[in-house]
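Novice: Protein chains in written order, with the numbering used here: chain X, 1 to 529; chain V, 1 to 333.
Hints in this document: simulated from the structure, not taken from any laboratory.
Careful, some of the hints might be misleading.
[Said to hold, decoys possible] Some chain X residues well away from chain V (every beta-carbon gap over 12 Å; in silico): (1) 75; (2) 88; (3) 99; (4) 105; (5) 154; (6) 201; (7) 246; (8) 254; (9) 328; (10) 382; (11) 417; (12) 436.
[Claimed, not checked] Simulated pairs of lysine to any residue, SDA-like, Cα-Cα distance not exceeding 25 Å: (13) X/49 x X/254; (14) V/132 x X/218; (15) X/339 x V/134; (16) V/132 x X/76; (17) X/279 x X/254; (18) V/132 x X/73; (19) V/132 x X/414; (20) X/205 x X/246; (21) V/132 x X/88; (22) X/49 x V/227; (23) X/49 x V/307; (24) V/132 x X/279; (25) X/339 x V/227; (26) V/132 x X/54; (27) V/132 x X/254; (28) V/132 x X/93; (29) X/414 x X/494; (30) V/132 x X/329.
[To be verified] Taking beta-carbon pairs under 8 Å as the criterion, some of the chain V residues facing chain X (in silico): (31) 133; (32) 134; (33) 136; (34) 202; (35) 206; (36) 213; (37) 223; (38) 281; (39) 302; (40) 325.
Just so it is clear, the structure is predicted and the values come from calculations on it, not from any experiment.
No residue lacks a Cβ here, since even glycine has one placed at the ideal position from N, Cα and C.
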Amino acid sequence: MSNHLLEVAGVHKAFPGVRALSDMHLTLRAGEVLALVGENGAGKSTLMKLLSGGYRPDAGSFRLNGEPFVPQNPRHALHAGISIIHQEFNLMPHLTVAQNIFIGREPRRGPLLSERELNRRAADLVARLGLPLDIRAVVGGLTVASQQMVEIAKALSYDARVFIMDEPTAALNDAEVATLHGLIRRFVRPDTGVIYISHRLDELKAISDRITVIRDGRYVDTLATAATTTREIITLMVGRALTSDARPVDVRPGREVVLDVRGLSTGPLLRDVSFTLGKGEILGFAGLMGAGRTEVARAIVGADRTTGGTIRLHGRPVRIHNPAEAARLGIGYLSEDRKHLGLLLEHDVSDNVALSSLRERFTRWGLVDRPATRRTATDLVRRLAVRTPSVRQPTKYLSGGNQQKVVIAKWLVKDCDVLIVDEPTRGIDVGAKEEIYALLNDLARQGKSIIMISSELPEVLRMSHRIAVMTEGRVSGILAAGDASQESVMHLATLRPNENPADAAELGLPDPRRPDAAPDRGPTEPKAV
Amino acid sequence: MAFPLTDGTETAARPNWLTAAKNRLQQLLAFASLIVIFTFFALANSAFPTYSNVINILFSTVVIGTLALGTTFVIITGGIDLSIGTGMALCAVMSGVFIVDAGLPVALGVPAAVLFGGLIGLVNGVNVAVLKLPPFIATLAMMLVAQGLALVISKSTPIYFSDHPGYTKISTGELIPALNIPNAVVVLLAAAVLAGFLLSRTLLGRYTYSIGSNEAATALSGINVRRWKVVVYTLAGLFTGLAGVLISARLGSAQPATGMGYELQAIAAVVIGGTSLAGGKGSIIGTMIGALIISVLNNGLQIMSIPQEWQNVILGLVILVAVYADMVRKKET
Chain X
1 MSNHLLEVAG VHKAFPGVRA LSDMHLTLRA GEVLALVGEN GAGKSTLMKL LSGGYRPDAG
61 SFRLNGEPFV PQNPRHALHA GISIIHQEFN LMPHLTVAQN IFIGREPRRG PLLSERELNR
121 RAADLVARLG LPLDIRAVVG GLTVASQQMV EIAKALSYDA RVFIMDEPTA ALNDAEVATL
181 HGLIRRFVRP DTGVIYISHR LDELKAISDR ITVIRDGRYV DTLATAATTT REIITLMVGR
241 ALTSDARPVD VRPGREVVLD VRGLSTGPLL RDVSFTLGKG EILGFAGLMG AGRTEVARAI
301 VGADRTTGGT IRLHGRPVRI HNPAEAARLG IGYLSEDRKH LGLLLEHDVS DNVALSSLRE
361 RFTRWGLVDR PATRRTATDL VRRLAVRTPS VRQPTKYLSG GNQQKVVIAK WLVKDCDVLI
421 VDEPTRGIDV GAKEEIYALL NDLARQGKSI IMISSELPEV LRMSHRIAVM TEGRVSGILA
481 AGDASQESVM HLATLRPNEN PADAAELGLP DPRRPDAAPD RGPTEPKAV
Chain V
1 MAFPLTDGTE TAARPNWLTA AKNRLQQLLA FASLIVIFTF FALANSAFPT YSNVINILFS
61 TVVIGTLALG TTFVIITGGI DLSIGTGMAL CAVMSGVFIV DAGLPVALGV PAAVLFGGLI
121 GLVNGVNVAV LKLPPFIATL AMMLVAQGLA LVISKSTPIY FSDHPGYTKI STGELIPALN
181 IPNAVVVLLA AAVLAGFLLS RTLLGRYTYS IGSNEAATAL SGINVRRWKV VVYTLAGLFT
241 GLAGVLISAR LGSAQPATGM GYELQAIAAV VIGGTSLAGG KGSIIGTMIG ALIISVLNNG
301 LQIMSIPQEW QNVILGLVIL VAVYADMVRK KET
């Protein structure tokens, strides 16, 4: 078949104790975008590693343009025309954009690098792709979205015919996603193809021609996108039907106020952030990237210095200087960056679960009581349905969803009654997301108060009893679950009070064009909508 | 829904001359502190700012400076090389073996000693890059091996170059008679220019930064990380060999029991010069300034009759202040 760009047939791959892929099939046709979906742990990453030559298959074969193809190493795969953008960026933060794009293919004059030629080529490429990048900027100083563009420019510079993107939009906002999709459409020509891996099913509908679903390391089905509903895809992925129109549960007013934040400000970003959090309430924080949602959490737990504002916990004013103090007061912050800030990846489940409460709960006569940590961990693993062979398993071997559950377990052991969860389902597949949602609802019902920061609007809408929307470091409005819709949240999230006088007026702020106007001093109650 | 792309372009749009100026500033600051320290000693003691003392300072920078050049490459890759001190002593001994014992002419014995240093580095490189031993452990082991071999080969006695006046000229001779600059200083300068060139203008330099910045990504970009790491450690070994020649030529003898401690001074020079132990960042000019700061301090404190013990205390404090200042500066930008 000549129009089959890439074929994967009967591929098996096993690791000690785990069968990662068995009898995997996949066909990428020339000129198409093929979406690859599956729950975390379904085998997508393993398949990518096989295609890039990072692993060797135990059995099965690949064909590229109809020819047998055995990738030896990343370089071989690249030169064969397969470019992969991995989920974790593969950039050198200390090098410039141009240096990153052409790493390994530096233009030279004799033995010397030709920086001028390098920059010229990079400028050409970036201009051709229409990317807003300064090619001389150092990559480490760029935003996530810009870094992604560097990755894409790098991948496309190899004259790839097969372009594989693993979760390319996990950290992008909608405009950036649109830019990315534009790039992909331009890349797809009659002789090239794209494999697009994503958890965002609405995106797959927008960008792909066909969808291949895999589950538990096995091929499930391939569907034409136009003739398929999201619900069908999810059903194939998880092997069961899901309730997708779920709404927040247990919403009621008049809850006892647990956390009362007034006029919270930080030097660089936050301006006069005020809100309350009730007992057993789930308060969602919505907003575009950079609006200051994570910064609010960091300011509350004392990770960043505040320049103003008061925090009352159970009615008593508190000053929190660092996250350890916050934890002592019962406020736990679950970072969006699980792998770096949430877990000790080399350590096992029980160590991680016990970590924050070692001193209070798991020491006897100054020694760590390991049997006790294992008992507690075993109990929580069962309660939260963490999928792990045992509590002795290092957390790096767990899937994203199960890692998140371990982080939640850690804070439950700590007995926190205020949990701030930042992007709790980032990088987690649909089925596991449902479990995290159920878990958060459960915790709220038991009287835990939860602040949920999320970039996924459907998630915020289905979970939050109330939604605080942020823009430019301010809370632009707090919506009750009944009044919140995609439209109302987006309206508040896109206000630009620092630039637009009309937006400033809507929020009761002084005209940003008048320099003499006192800038937002004195606490103003966030506008209720 | 139309979303502005502000998040993505803010930093990207920052003019690059600003970043460049900031990098210059860092070197300027290191250089400024060198000037400040120098001025302080000059004001404190009139014997300090004389021509002959400045030459003295440069002369005493030679060994640490040469070792620090190779170490800069290793540290930028995120590695460390503890074997350069005793490795230098072993190379000095080998130079003695080649020239004094085996009777090789100086013109052959010197390159042989330098290449022997390269061999030490090659072994380090293979241990680190191929056997995947942690650099600290691999080079700690090599430090002990080199020290032991230096003593075994020399039977624990110094080897004297008294019959080879041409050899000692390598360090103490004066190529340009009018200036009274010892050859060792000229050699260091030439070595530094070469190292700076390698680091900033060649593939080796680019991949040195790249590996230190993100090793996994460098490998995924199709670069043979293993091979380049071996090259970097071998290069450090070559500079070790050169330092061995320079120190033995200066002393007129190969001292097998010396060397220990030089590696830490060289690492100190690199770190004071703004190279990050985490890798990915550093420069030869910074390293040279760092090495000069160390010898200016040693020389100045000596002239002020401050005992050796206190010189070490002060040097330690300088390292703390230099690295802390670098961190604070980075946080602010």
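Novice: Compute the least Cβ-Cβ separation between residue 382 of chain X and chain V, then decide whether it is above 12 Å.
Specialist: holds, 36 Å
Novice: Residue 339 of chain X and residue 227 of chain V: Cα distance at most 25 Å?
Specialist: Violated. Residue 339 of chain X to residue 227 of chain V sits at ~30 Å, over the 25 Å cutoff.
Novice: Holds or violated: is the Cβ of residue 154 of chain X farther than 12 Å from all Cβ atoms of chain V?
Specialist: The claim is violated: residue 154 of chain X sits with its nearest Cβ about 8 Å from chain V, within 12 Å.
Novice: Do the alpha carbons of residue 49 of chain X and residue 254 of chain X lie within 25 Å of each other, as the hint requires?
Specialist: Violated - the C-alpha atoms of residue 254 of chain X and residue 49 of chain X are around 53 Å apart, more than 25 Å.
Novice: Interface hint check: residue 133 of chain V, Cβ to nearest Cβ on chain X, cutoff 8 Å. Holds or violated?
Specialist: violated, 19 Å
Novice: Has the given pair, residue 414 of chain X with residue 494 of chain X, been kept, meaning a C-alpha gap of at most 25 Å?
Specialist: Answer violated: residue 414 of chain X to residue 494 of chain X is near 37 Å, above 25 Å.
Novice: Residue 339 of chain X and residue 134 of chain V: Cα distance at most 25 Å?
Specialist: holds, 23 Å
Novice: Using Cβ atoms and 12 Å as the threshold, tell me whether residue 436 of chain X really stays out of contact range of chain V.
Specialist: Given a closest Cβ separation of 26 Å, the condition holds.
Novice: Close enough to count: is the Cβ of residue 213 of chain V nearer than 8 Å to one in chain X?
Specialist: Nearest chain X Cβ about 4 Å off; hint holds.
Novice: Measuring from the C-beta of residue 206 of chain V to each C-beta in chain X, is the shortest one below 8 Å?
Specialist: holds, 6 Å
Novice: Is the nearest Cβ of chain V still more than 12 Å from the Cβ of residue 254 of chain X?
Specialist: With a cut-off of 12 Å, residue 254 of chain X remains clear of chain V, as the shortest Cβ separation is near 35 Å.
Novice: With 12 Å as the threshold, tell me whether residue 417 of chain X passes as away from chain V on beta-carbon distances.
Specialist: At roughly 34 Å from the nearest Cβ of chain V, residue 417 of chain X sits farther out than 12 Å, so the non-interface label holds.
Violated hints, listed in ascending order, are 1, 2, 3, 4, 5, 13, 14, 19, 23, 24, 25, 27, 29, 30, 31, 32, 33, 39, 40; each of the other numbered hints is respected by the structure.
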